[in-house]
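Now for the letters of each chain:
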Amino acid sequence: MSAASPHAPSSTVSPRPVPEGHVSEPVVSVRGVELAFSGVKALQGVDFDVFDNELFAVIGPNGAGKTSIFNVLSGVYRPQQGTVEFAGTDIRGMRPHKIANLGMARTFQNIELFENLDVVDNLMLGRHAHLGYGWAASVAWFGKAKRAEVANRRRVEEIIDFLEIEGYRQLPVGMLPYGIQKRIELGRALAMEPKLLLLDEPVAGMNGEETEDMARFILDIRNELRIPMILVEHDMGLVMDLADRVMAMDFGKPVATGTPHEVQSHPDVIRAYLGPVDDATLAEVQGELA
Amino acid sequence: MTTMLRSAPPAQARKSTGVRGRPLLRTSYHQDLALANTPAKRRSVIGLVIASFVVPFLLTDDLLQVLTLGMISAVGAIGLNLVTGYAGQVSLGHAFFIGVGAYTGAVLGGDPDGAMLGYGLPMWIWLPAAGVVAAVAGLIVGPLAVRLRGLYLAIVTLGLVFLGDHVFREAREITGGPGVGRRGAELELFGIDFSSMEPISGLSRGQAQFFLALVFLIIFAILGRNIARSGVGRAFGAVRDRDVAAAVIGVDLTKYKVMAFAMSSFFAGVTGALYYAVIGVFEPGAFSLLLSIQYLAMVLIGGVATISGSIMGALFIALLPRLSQFIAGFVPDGLISVFQLEAILYGLLIMGFLIFEPRGLFGIWTRIRNYWKGWPFSY
Ligand SMILES: Nc1ncnc2c1ncn2[C@@H]1O[C@H](COP(=O)(O)OP(=O)(O)OP(=O)(O)O)[C@@H](O)[C@H]1O
Ligand SMILES: [Mg+2]
Numbered sequence: 001m002s003a004a005s006p007h008a009p010s011s012t013v014s015p016r017p018v019p020e021g022h023v024s025e026p027v028v029s030v031r032g033v034e035l036a037f038s039g040v041k042a043l044q045g046v047d048f049d050v051f052d053n054e055l056f057a058v059i060g061p062n063g064a065g066k067t068s069i070f071n072v073l074s075g076v077y078r079p080q081q082g083t084v085e086f087a088g089t090d091i092r093g094m095r096p097h098k099i100a101n102l103g104m105a106r107t108f109q110n111i112e113l114f115e116n117l118d119v120v121d122n123l124m125l126g127r128h129a130h131l132g133y134g135w136a137a138s139v140a141w142f143g144k145a146k147r148a149e150v151a152n153r154r155r156v157e158e159i160i161d162f163l164e165i166e167g168y169r170q171l172p173v174g175m176l177p178y179g180i181q182k183r184i185e186l187g188r189a190l191a192m193e194p195k196l197l198l199l200d201e202p203v204a205g206m207n208g209e210e211t212e213d214m215a216r217f218i219l220d221i222r223n224e225l226r227i228p229m230i231l232v233e234h235d236m237g238l239v240m241d242l243a244d245r246v247m248a249m250d251f252g253k254p255v256a257t258g259t260p261h262e263v264q265s266h267p268d269v270i271r272a273y274l275g276p277v278d279d280a281t282l283a284e285v286q287g288e289l290a
Numbered sequence: 001m002t003t004m005l006r007s008a009p010p011a012q013a014r015k016s017t018g019v020r021g022r023p024l025l026r027t028s029y030h031q032d033l034a035l036a037n038t039p040a041k042r043r044s045v046i047g048l049v050i051a052s053f054v055v056p057f058l059l060t061d062d063l064l065q066v067l068t069l070g071m072i073s074a075v076g077a078i079g080l081n082l083v084t085g086y087a088g089q090v091s092l093g094h095a096f097f098i099g100v101g102a103y104t105g106a107v108l109g110g111d112p113d114g115a116m117l118g119y120g121l122p123m124w125i126w127l128p129a130a131g132v133v134a135a136v137a138g139l140i141v142g143p144l145a146v147r148l149r150g151l152y153l154a155i156v157t158l159g160l161v162f163l164g165d166h167v168f169r170e171a172r173e174i175t176g177g178p179g180v181g182r183r184g185a186e187l188e189l190f191g192i193d194f195s196s197m198e199p200i201s202g203l204s205r206g207q208a209q210f211f212l213a214l215v216f217l218i219i220f221a222i223l224g225r226n227i228a229r230s231g232v233g234r235a236f237g238a239v240r241d242r243d244v245a246a247a248v249i250g251v252d253l254t255k256y257k258v259m260a261f262a263m264s265s266f267f268a269g270v271t272g273a274l275y276y277a278v279i280g281v282f283e284p285g286a287f288s289l290l291l292s293i294q295y296l297a298m299v300l301i302g303g304v305a306t307i308s309g310s311i312m313g314a315l316f317i318a319l320l321p322r323l324s325q326f327i328a329g330f331v332p333d334g335l336i337s338v339f340q341l342e343a344i345l346y347g348l349l350i351m352g353f354l355i356f357e358p359r360g361l362f363g364i365w366t367r368i369r370n371y372w373k374g375w376p377f378s379y
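From first to last, the protein sequence lines are chains A and B.
Under full-length UniProt numbering, the residue at position 2 of the first sequence is numbered 2, and the numbers go up by one with no gaps.
Under full-length UniProt numbering, the residue at position 42 of the second sequence is numbered 42, and the numbers go up by one with no gaps.
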């Protein structure tokens with residue numbers, strides 16, 4: 001099936017390492033990443049850059065390796081090969097909390113909130129690296145710890161306002177509806193004041209209204225907070241509407257990188273989703289997408 | 001339900017009391033962060049403190065000592081709750097850290113002319129030292145928790161108890177060995193001898209020790225609350241609930257697991273030194289698996305991840321032998337002994353709480369409180 005797709009990004013669409021108008025250094029730069037689990041190759045030859053204020057989407061069928069890219073970026077998995085540079089630092093093999101402290105934040109495909117803690121505590125945990133006091137101040141509480149708690153709580157309130165979750169502050173997150181939990185997870189990532197935000201299927205399992213709300217938050221994050229993002233999403237409508245550039249993956253390899261429109265009509269991408277199709281069908285699908 | 005949600009506009013971070021008629025409405029973050037952050041909590045804390053100053057004058061010295069030991073155990077239970085309840089690292093090794101504290105206290109604060117090693121140092125040295133030495137032991141053991149989880153960690157910490165048990169039995173110059181034992185540290189603070197048989201400024205020995213334990217419990221409960229409500233306590237909760245997510249938001253798992261063990265062991269060390277100073281003579285056999293299980297029972301029965309629950313649990317376990325003596329009065333003679341009855345009660349209570357009220361006595365107390373808050377409406 002994807003035998004047609006060569007190792008390197010496609011022949012018809014240029015890989016576009018630098019989108020037009022960009023002169024800056026990339027925020028994150030991935031080169032030749034290979035990741036295997038006891039023989040199973042989850043990622044092969046993954047190359048891409050994400051630039052300032054860019055919304056970069058990663059698409060691909062189930063098992064294509066999208067989440068694996070996030071796990072490599074955030075330090076959960078260590079790739080066997082390749083380089084990963086973030087904020088000017090080589091982060092391959094660095095432990096997750098160090099990468100987080102460099103300014104990378106993410107959400108998870110399956111919600112990973114601290115379910116026994118309330119909403120405020122979950123968001124305050126996003127501020128963990130910003131607290132700036134240690135165990136001794138914590139035991140003493142009065143003074144440094146208390147001041148830092150109040151100051152950081154103020155930032156958390158801003159996020160609560162931004163995500164419109166005022167009504168849930170003191171409830172344990174495990175009790176809250178799915179859509180709200182997704183929002184809180186986004187809030188926890190935002191509380192970190194990240195330099196790069198990774199969103200793994202932020203609207204999966206949401207109804208139309210919830211999806212629209214989430215799309216609005218993502219746009220606000222880009223336009224107001226100006227945080228570059230990598231978005232993994234199966235909802236093509238959302239990707240087409242929001243993304244600046246898209247990378248399509250299949251069997252652990254990037255098959256095309258470009259504008260949403262270019263990638264959507266790329267033959268290898270269509271084959272990745274539909275399987276081997278003849279030229280007539282391909283032209284038909286491309287016509288429908290155009 | 002809406003009154004439960006606290007409003008906290010950023011503009012008003014001043015200290016102010018709850019708005020009249022809506023006692024749960026908070027107008028500043030300081031109120032959210034306060035030690036006792038609801039009027040009900042404040043009232044019950046004040047009530048309890050008053051009660052604890054009246055109780056010693058109503059009970060016999062014999063019963064007072066049970067409560068004194070219960071309050072001292074509560075310090076250790078808070079410690080175990082920090083590592084197991086808050087940070088989620090199941091430890092069966094608490095007895096070991098209590099033992100380390102007990103012997104550190106006994107050696108540093110013990111009678112220099114006694115049969116065993118003793119330096120006769122004052123309490124303000126031996127008590128913190130017992131905590132520190134136990135905490136150092138915790139620091140050494142903590143990294144195990146980084147490699148192991150759940151059942152595996154429990155088993156390894158269990159090994160610690162066996163190791164300690166062996167060392168304590170063999171180190172006769174320090175511990176006296178099995179069947180002999182040794183005296184604990186001298187209980188003397190600010191020139192007051194709390195072990196004296198003479199009345200101490202009008203208080204009996206039992207009353208004086210009760211107040212001493214009460215003061216220490218209050219201090220350590222506040223320290224425990226401070227840890228729990230700060231960034232450290234939150235990080236513990238994050239490590240417990242989702243370790244991958246905790247790391248990804250910047251929590252150093254190694255650091256916080258080790259910290260949880262060290263802090264927990266500090267509390268255990270203090271408990272060990274104080275407990276056996278009050279008891280007098282103690283044997284190395286005291287620090288067996290049974291002691292670890294008693295402390296786990298305090299946490300489970302009292303309530304996981306609550307400071308007040310740890311205290312309730314410890315007092316409950318301290319009173320359990322009295323309770324079983326009482327119940328044994330109704331059991332036909334020769335059927336089972338008081339000790340067997342106590343063991344059965346332990347087992348039943350732990351199982352019962354785990355199955356029916358996982359939030360422990362604290363959970364029962366919250367339900368009673370919520371019931372009365374809503375009374376006469378049962379919503
Ligand atoms: N921890 C792991 N152990 C073994 N194999 C893994 C592991 N994580 C991922 N894989 C494998 O790597 C491949 C890519 O998985 P990944 O989760 O990255 O896919 P995905 O693109 O996110 O898919 P989906 O759209 O279903 O979320 C799959 O074949 C998966 O089975
Ligand atoms: Mg995935």
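It should be emphasised that the hints constitute simulated quantities derived from the structure, not laboratory data.
Honestly, I wouldn't trust all of these hints.
To be verified - Taking lysine-lysine and the DSS-like style, the derived pairs with C-alpha atoms no more than 25 Å apart in a straight line are:
1. Lys98(A) with Lys41(B)
2. Lys195(A) with Lys98(A)
3. Lys41(B) with Lys195(A)
4. Lys144(A) with Lys255(B)
5. Lys144(A) with Lys98(A)
6. Lys41(B) with Lys41(A)
Source: prediction; values computed, not measured.
Against the earlier hints, flag every one the structure doesn't satisfy and list their numbers going up.
-> 1, 3 and 6
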